[in-house]
Each structure stands twice: as structure tokens, then as C-alpha cells.
Amino acid sequence: MLLIPCPWCGPRNQLEFTYGGDATVKRPLPDAPMKTWLEFVYLRDNPRGPHQELWHHSAGCRQWFKVLRDTQTHDILASGRADEALPGATA
Amino acid sequence: MTQAFRLPTGGIIDRSRPLRFEFDGTAYEGYAGDTLASALLANGVHLVARSFKYHRPRGILCSGSDEPNALLQLDRGARTEPNVRATTQELFDGLIAASQNRWPSLRFDVGAINNALSRLLPAGFYYKTFMWPPTPRWWLRYEHFIRRAAGIGRSATAPDPDRYEHQYAHCDVLVIGGGPAGLAAARAAAHAGARVIVCDENPAFGGDLRGMNDDSANIDGKACATWIDEAVRDLSDSADVTLLTRTTAFGYYDGNLVALSERVADHLAAPLAHMPRQRMWKVRAGTVVLASGAHERGIAYAGNDLPGTLLAGAARTYIDRHAVRPGSRAVVFTNNDSAYAAALSLSRAGIAIGAIVDAREDSELTGALAVRAREHGIRIVSGSMVPAAHGSKRVTAVDIESLSGGRGTRVDCDLVCVSGGWNPAVHLFSQARGSLRYDESLAAFVPERSPLAIVAAGGVNGCSDVGGALADGHAAGLNAAAKAGFRGPASYAAPHAEPVAPGRLRPLWSVPARDRSGKRFVDLQNDVTVSDIALAVREGYESVEHLKRYTTLGMGTDQGKTSNIVGLALLAEQLHRPISAVGTTTFRPPYTPVTLGAYPGEEAGAHLEPTRYSAMHDWHVAHGARFINAGLWRRAHSYPRAGETPDDAANREAKNVRTNVGLVDVSTLGKIELQGNDVAEFLNRVYINRWDTLAVGRCRYGVMLRDDGMVLDDGTTSRLADSHYLMTTTTVNAVEVMQHLEALLQIDWPELDVYLTSVTEQWSAAALSGPKAREVLAAVVDIDVSNAAFPFLAVGTCTVRGAAGPMPARLFRMSYSGELAYEIHVPADRGRATWEALLAAGARYGIMPYGTEAMSTLRIEKGHVVIGPEADGRTTADDLGMGKLVNAAKWCVGKPLLSRPALIAPDRWQLVGLTALDGAVMPRGAKIVADPDHALPNPMLGHVTSWCWSPNLESWIALALVANGRARHGETLWAVSPLADAKARVRVRIGPPTFIDPDGERLRG
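Protein chains in written order, with my numbering: chain A, 1 to 91; chain B, 1 to 1005.
Think of the hints as simulated: they come from the structure by calculation, not from any bench.
The reader is advised that the hints may include incorrect statements.
Straight-line C-alpha distance at most 30 Å; calculated DSSO-like pairs for lysine-lysine [stated by the list, open to error]:
1. 26(A) to 655(B)
2. 890(B) to 35(A)
3. 35(A) to 895(B)
4. 35(A) to 53(B)
5. 26(A) to 53(B)
6. 884(B) to 895(B)
Construct the entire structure; sequences and hints are all you get.
Structure (C-alpha cells):
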């Protein structure tokens, strides 16, 4: 079971969190073309290796934040606020 | 029968505490300190089981958790348990065990016919035979019989009477295995200052040294038993050390989380009152020291499964630890030195040794143990093998032949002790993503490296003697403590034992086959033979993972602890590849079987999930309410009076709302307070309709969409003050909506000045509804509630007068029933007083409480949709008749994708109302079709989403989603439910979804 470092609460058990998907996907502007919206809603990469993802500390401080996790090893390489770039993240 | 095979002295059994037990209806006696297996052997009982596939007679092979054969049914009433390993079950007084997989009896088992027919039952038999004819229908027929033949043991049928616990723990160093290496590691780590947990699956620490009677071995100049006692005392004296016996580390997970199964009470007839039966530990360890030892493996020869065949180490354990004589005349068959220790124990116990048959040449027998055996005058037959054992329900003789050929001799014996070498118990290391290395000298896989903080020590590293294990364990303990940040003073010296020079092992996996009849077993639990493996390879199953699944090698409850390595070595031989190139199958949790009850722990039954109650719950209970679950909430379904069914009650309550007035508990609605300067803008973005025009003191109905355009939730939001709003969500969606809003604010729009607080628990809410609602309300509140002063969709604050004094309240004029209605919200601790005040004031107006069933009837009559039945995740706002709410002038979440062609196609399923013609009941989950007699598959036009008897219309009505439904008003179609009942069909007339007061005059009046 993952030990997830919440930027506010420190390392906590995975049971306290909800997964939120790819953190590199940005919500398009309201007037973006349909194609952009379709990609935002439906298309996700499935990388092997480091993956920036969103987690919600739903049974804790209720903050959404970013985690850089290796999808192959489950190692957590970094975590940080939702509105900041993660150290070591490429995208 | 009184323990005829018990030695007069020795062992760590307590001869002053005899224990009675029963096996297959016969009474026996054993001693405290026995396992069920040692007690059976003490009574001369070797035949204890029938094998899985061939129903062959089987005895006890091992002395620990690796046992493949001796799986018994432990009969304890509701606690009955199948597949209990006799070798790990501690004996208790009154234990009742029975053999499995035999009929009518263990000695005479009809299923043994499979053994005679074995040439018809090769590997992959099921796959080959039952795939024809190739239709699922035939497989289902076969399966019925196969399943009946395949099961062994019976599961309990009564509810589990026991309690199970979960325990979280943290430590710097977790030591798995409390043998010499584990104890040395734990002491080294503890003396360095680390917090240590040590677990061992046995009832006491000491590992293979426990109870061993070997006068030549000593540690730090003391007897092994003395050193163990001192080590355990030293550890238990430390406040930072936790010692866990009867505790198996069975799973290794991410983040160095190790799951342990502690069998708190399985060694007792039943748990004591204060005890759980088992406790599951979830340990987050800084570093893990894996000191799990090694499992002995056999050699495949014909008849190697006969009762009376023991692994050499197990025979030694039964003699030394349990003072049991497992036979009178033994033959030892080995390819390594460890069996010589067993031979010396046999000799000390007075068991005659026909011969030690050693596959190695005489010149190779230079190890210290081999030399000692020779000095004892034990006959050693080198360069030889046992090609076959003889006997029917117990071994009676073995053949001995030179490996280089020539005539063999037959030697009488009733005990065969086998050793084919030792497999380090690398399971948890592999689970920790550790790589394994094939060690040619051990002929076994040993730990190589893991990306996680785990250090292997002792037998699992291939150490074969106590001295080596102690040194390795000590070093591992210091290493583990250092990894966790503890580099304490080196005042604690490593324990020392004289090393024993080992002789070299000569790999021998199976002996050559002499004829077809003699089965050479590899996996005893699943009856996999050498020939099965050869057949699988001939048929192309060359990957070790394919071999496993095709032959079922290692797929029993023992997970092939004694057999896997033998099996893959034979695969390598067949393929002419090195064993290292064949590799192992994947090791997965659990290491040994874990009782299912331990997984949920306390979270079972009523504690499976939390239960949420409103502040009025006790009142509902006191007034005879029937309850239903709504998410985690318990809600009043209806309030049946004497002689009423719940449905009668709901109909009475629903009718009373339309004629008089009713009161319903709506505390369960999700309530979210929004504060900040940008709330209106935020609401504009998350709801389909406009919110910047909402004035203070007003509320509005709103619909939220998911990003894909489908309806997510609905509810009302009220503007309490300039920058203070209150949103309500549906009961079951409250958590999801809160998370959705938090994601938008924190991730996408952090620039918006909006703060969210969930206040669902803080406020109780009741809805007062019906033509007389205003009179009732006016009698208890301190504000003017006339239509002019407090019109439809007004919001305000007031004080409710009740028996307990004045109560501050929020008042909302909104209606779900379609009648004149108000919602009154009060702080939760005033919920019940307010509820009672409203009922008291309403008494003269005929007020009745109503439950969710009446509420549902009222909303169906009114055509209000519910998230779930109507908004089922595939419906748009337009499908539900709310397309006009989607504001054209602004953007909102989900709007960009609403214009996709499929979402605006004319044949979308749209919300309609159905009225049953001919007064028929609407079938549950009915499909809407044009012709009920159309050949199947009957084209489906839609389905019924909600239905009810309308006491106000005196008709069965329903809401439904029907293709192009809004253009079909007036049409007659059929609602059918062939799955529920072939004759369930009702003629229905399609109309608008609002059956009552379509213009909304009542709720505005």
C-alpha cells in the first residue's frame, strides 16, 4: 500500500486518498474547439515510468495535490501543491 | 492406544499435561507442546489423508507450514475449518479432526479408482476432455460433476462466531523469522537503538534450533536452548521491541508495508472472552530483515508419497522436539549433508537405520556431519539412489540401486527420510520486487537485490549452519538499523557458534523411471508427477508460468513450498537449459493461507460501513418507522400504523400531503456552504443555469453536469447574504459533489475567491408540505409567512417556538412534492425539538410524518427526476426535459460537449410519464416496446425508471426514458419484463412526466 506524502500532512496511508488522474492535463479555456475538449475529457497517456498525477487527501486535509509516481515500481518520487511544478517532473 | 511411539525422555513437550483428541472418530492422547501431526505420529498414525486427484494414501511429510499432505478438517461446530495443516495446528484438549477427500473412509476410499485410471487422467486432463462439444452449455454440465469430485474439506455453514482485529504498527526494523539469524538480527538492531518488531510463525522463538537435541552445537559457550532463552529475555526487556509469536508475515506491499497474520487463539478450543481469534498486523517498517529460513525439498522416486515418508529435517524435528519415534527402521535418502543430522537423531532415538543412501560418491562425503555418522557406524551406501518404495498404506521397503546401474537390493523399513536439499524461503523477498540468483552450490534460488529496504539473513541466504546464520543475522541487524538511521555503539558483540564445514550437495531432482506404474511425485498436494511435467513440455508448455497452470504444479494451498523448485529443475532438464534461464514463477501473497475473516477484521456486519443517523432518528424509531438505506444513511421509509403494510402507510402519507399537510426528515441532503467574493461566478461555471442574478434572500434550483455533458447532480442553492450561499446536493451524491467542487477550485480555478465547507452534519432539516403548510408554520415561527411576505423561492431566518424554547432556524420556501412547502433548517442538536414543535402545531391540521416512499410517490406524480433512476449517468439535461435551463449566454462545466451529434440526435431517450391502462401493476425494470409479441430480441424503445401507485390519481404511474419520447405523447406502447415474468406486460399510455399540477399553481399559492 502506498505511503503518500501529502504536502500538508506528511506521509499518510493510501487509504486516506482518492486518485484523481493525470495531473498534466489542463482544463481548456471555455471557447476551446470541440477537439480540445474531447481530448481533455477522454484521452490520457498511459506511461510506464514517472507519472504526474493528482491525489485528493479526501480523508484528511481535503487538498488536491500532485504526486510524481513511477507506474512501474510504484515508487513516489515527489509531491507538491496542485498549482506548482513538481521537482523532477518533465511535463 | 497410549502414545506407543513416544520416547521416554527428551523433547519440549510437557508430559505432565496430557491432552485428549480425536481423529476420524478414534480417541487419542498427546501432550502439551505437541502439534496435531506430532501427536498423531506419537500414536503411530501415519495415514492421515487422501491425495487430491488420485486419492492415494498420504501421511505427514513436513513439520511446519510447508506441509502438502496432512490437511485435515478441524471440527469445531461453527468454527469448523478445512485444510488445516496438522503440522502447524497446536494440540489442545478436546480437538476433533477428520481426514478429507475420502469416501466412505480413509482406509477404503472409492475415489482411489482414479489411481488405477491415472493413464486416462494426464496433465491438462480437464482442458483436453471437457472442451468438446465446444459450447458453454456442455461445459456447465461437466462442471457440476468436476466440482463435486474436486473439492476437499468442508467450509463452515454457520456464521463465523469469532472476532478479528486489525492492528497498525510502525517500526524501524521488522525481523521476519525468529530463528538464530532473526534473533541475532533483532538484538543487533535493538542494541543499536532501533524500534524492532520480531515475528515468527511458530508458538515460540528459536526456529530450527527449538527443541533440538544436539550436544555438539553451542552458542557463546552455552547450549542452544539457553542462548535462545537469553536472547528472547533480552529482547522482551526492551520497551522498543515487540515480540510476536504464532505470527506469519504473509504479504509484502508498497512502501515497506508488511502484513502479518497473528493467530491469537487458534491453539485453543475457542478464543477466550477478551481475545480476537486472529489479529492482522499492518506494519510499516523502515527496514525489513528477512530471516525466513529454508524449506527442505524431496527427491522424486516411485512411491515417494507413501505414508512413512518424511523429509529428513521433519523426522529430526519430531524426534528431538516432540520426542516421537516416527518409525522403527529407517532408510535415509539424500544428496546433501543435512540428512546426516537427522540420521544421528534417528540413531539417538534408537531407530534402526537400514542405510543412508547418498547420491554422492564416497570421496564427496567429507562434511563434518557425514564424518560423524560414519563414526557412529551408520551404513552409508554412496553413489546410489532409491528408485522405488513399496507398501500400500505405509512404506514397507525400498529398493537401493547404484546410480551407475547394476542390480539393486531391497531393504525393509517403515520410515524413509528424504532430503533433496533446501530451498531458501525467498517468497517475501520476491514479493518485495527482489531479484533472485540461482546458486549452483546450493542448487537453489537465493535473494539477490531488492529496490526496497529489505535485507536477507541466515537460511534464506543459504547459510546451512548455526554459526553462519548467527553471523549473517547479526550483520543484517546492524545493516538494517543503520539504514533506518541507527548507528549505535558497537558494544554488543556478535554471537558465536563454531562453523560446521558443509559437504557439497549433488543436485538430484528425480531418479530415472523404471516402469510406468510407479508414480514419481513432484507436487504432492496437487498430484503432479515427473511424467506430467515431461508431458507438458512435449505439448509445448515451455514457460514456467504455463507449466504451472497446465499441470497445476505449486497451485495448492501450500503454494508448492516443497515442490516448485523441483518442478522447474525438471522443466530445465527437459528443455536442456540451465535452471537460472528457466526462472521461477511469481511469488504472490499470501505466503501461507490466511483466514478470510482476518481480512475485513472488525469491518464486518454492522461495522462494514459507518451508519449515519439524523437527529430525528430516535423519534422515527419511537413512532414505528420502517427504515431503508440511502447511501450510508438510515432513512424512514414510512410510518405504518397497526394493520398497515409499509406500502399502505406510504399511500396514506402521500395522500395526506396533497389534502392536508405532511412533514418529512430531509436532514440527509448534502449541505455545502460557499463563502467568498466569487461564489456567483463559481456557481455560473458549475451549474447549467444562471446564478449572478440570484438576489439575497432567494434560492434557485440548479443542475450540474459532468465534463462529458451528462447530469451529475441537482439541488438548490440559496443566497443567505451577499457573499454567503448554501448549496444542497442529493443525499447519495454529497461526497462526490464536494470532491468535484474542491477539484475545480483547487486545481482549475485557484484564482476564484470561494471557500467550501460541508455542513451536512451540522444542520437538521425538515420539509413541511401540503395545502395547510402555511397555517402550521405560522403557528411556530416569528416571521410573516404570507405569500406576499415570503413568496415561492424565498429564503430567510426566523425563530421556531417549541417546548424547549425558541430555536434559530433558516427557512426556505421550496417544494419537492409539488405542494405549498417549506424547508426548515436548524442546528442539528435542535432537530428533534423542531420536528416535534412542527408536529404539535400541525396536529389540528391533520399533519402526518411521511417517509421516503411517500416522498418518492409525490415526486413521481410531479415528474421530478432523481439522480440515479432518471439521471443515470447517460442522460443529458435535455433528455430530462430541462434543456431550457441550459443558459445559452454563458459557459459551464460539461457544456462544450453537449453539442456532440449523439447527444442531440432525435431518437434520444427522453423523460415521459406512463399511465398503466387496464389498471395493471407496472412490472419492475420494465422495457418499453411497441409489440409485446415481437420475436426476440424485441426492439427496445426505452425503459421504466421509477414507478408507483398514485393514491391521488388512483392509478399505476411511472416515469420512463423513451426514444423520442416527447414526440410520442398520447401513444400507447407496452411495458414488458420477460426476465421477471414471461407474462408481465402492461399497456401504457405515454404522456408528459408531470401528472399533477403541471403549471405549478399549488407550490406558488
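So, going through the hints one by one against the coordinates:
1. Distance restraint check for residue 26(A) and residue 655(B): the Cα-Cα separation of roughly 52 Å exceeds the 30 Å cut-off, and the hinted pair is therefore not satisfied.
2. Restraint check for residue 890(B) and residue 35(A): satisfied, since their Cα atoms lie roughly 20 Å apart, inside the 30 Å limit.
3. Taking the CA atoms of residue 35(A) and residue 895(B), the gap is about 14 Å. The hint holds against a cut of 30 Å.
4. With a C-alpha separation of about 60 Å, the suggested pairing of residue 35(A) with residue 53(B) is violated against the 30 Å cut-off.
5. Pair hint residue 26(A) plus residue 53(B) does not hold up; C-alpha atoms about 58 Å apart against a cutoff of 30 Å.
6. Between residue 884(B) and residue 895(B), the direct Cα distance comes to roughly 13 Å. Compliance with the 30 Å bound is thereby established for this hinted pair.
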